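Take any residue in the sequence shown, note its place counting from 1, add 26, and you have its number in our numbering.
None of these hints come from the bench; they were simulated from the model. One or more hints might be untrue.
With a straight-line Cα cutoff of 27 Å, these simulated DSS-like cross-link-like pairs (lysine-lysine) come out [to be verified]:
hint : residue 1 : residue 2
1    : LYS207    : LYS159
2    : LYS146    : LYS218
3    : LYS72     : LYS83
4    : LYS284    : LYS146
5    : LYS139    : LYS83
6    : LYS188    : LYS47
7    : LYS284    : LYS76
8    : LYS45     : LYS83
9    : LYS284    : LYS47
Quantities reported herein were computed from a predicted structural model and do not represent experimental measurements.
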Amino acid sequence: MSLDEKIITEAIIERYFAKLKSSLSVDVAIVGGGPSGLVCSYYLAKNGYKVSLFERKLSIGGGMWGGGMMFNEIVVQEEGKRILDEFEIQTYPYRDGYYTADSVESISTLCSKAVKAGVKIFNLLSAEDLVIKHNRVSGLVLNWTAVEMAQLHVDPLTIESKFVVDATGHATEVVAILQRKNDIKLFTETGKILGERSLWAEAAENDTLSNTREVFPGLYVTGMAANAVFGSYRMGPIFGGMLLSGEKAALLISEELKRWK
């Protein structure tokens, strides 16, 4: 067959436009395409909810690609292995309760399974603000990452969602925007972001699950963002807590959506 450059361009524009237009109103909008965000999106989509995930970078996957200090292996504990098993990611026993997995296989599989479950993933889009109505988060304000990087004065566009998830990791960017721009109190001890502590793997892994919850009406935190908001430790290259946090966030939001009218 002969190739027509115009048709190639048309195909990309039309398909992307259709995908973006279908995501203007969703059940859940997730900001951040790391492991916790991807797992959260997967379980929500698997339960039949309309989910879009927005990642500011070119590549999806957050910090999992590099494993520990660019040694592209990750560690999970027994509980986290269950999630990897469900995603059919190969794990290898190391010592009692410790398992390793190839970081490239792990994150690429999480991404693939999320898309196949029905998640719409948009890379190179940044959440620069939130839509807030009646003291509740009800959507995202989006712009191209390139616009942000070039510091161009270009107005953004918005989407509406029943719930938003901050899965942006250490920087907890979505909650930080909410706190900076609005006179609000978070569901934390002080009503503000408490900030991430230094590294303590065991405490961090335990805290990640308990910190995975709603932090403001309509806004949930998952993964390292949850620990940063609630003042807990970081855990380093052990990823069980990230995976389980994404699963828990999806479960909590699913229960809320069942009651949504």
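Against the structure, the hints come out as follows:
1. LYS207 / LYS159: holds (14 Å)
2. LYS146 / LYS218: violated (31 Å)
3. LYS72 / LYS83: Distance ~25 Å between LYS72 and LYS83 Cα, so the pair holds.
4. LYS284 / LYS146: Given that 27 Å is the threshold and the Cα spacing comes to 21 Å, the pair holds.
5. LYS139 / LYS83: Between LYS139 and LYS83 the Cα gap is close to 20 Å, so the pair holds against 27 Å.
6. LYS188 / LYS47: holds (17 Å)
7. LYS284 / LYS76: holds (13 Å)
8. LYS45 / LYS83: holds (19 Å)
9. LYS284 / LYS47: Within the cut-off at roughly 25 Å; holds.
Checked against the numbered hints above, the structure breaks only hint 2 and satisfies the rest.
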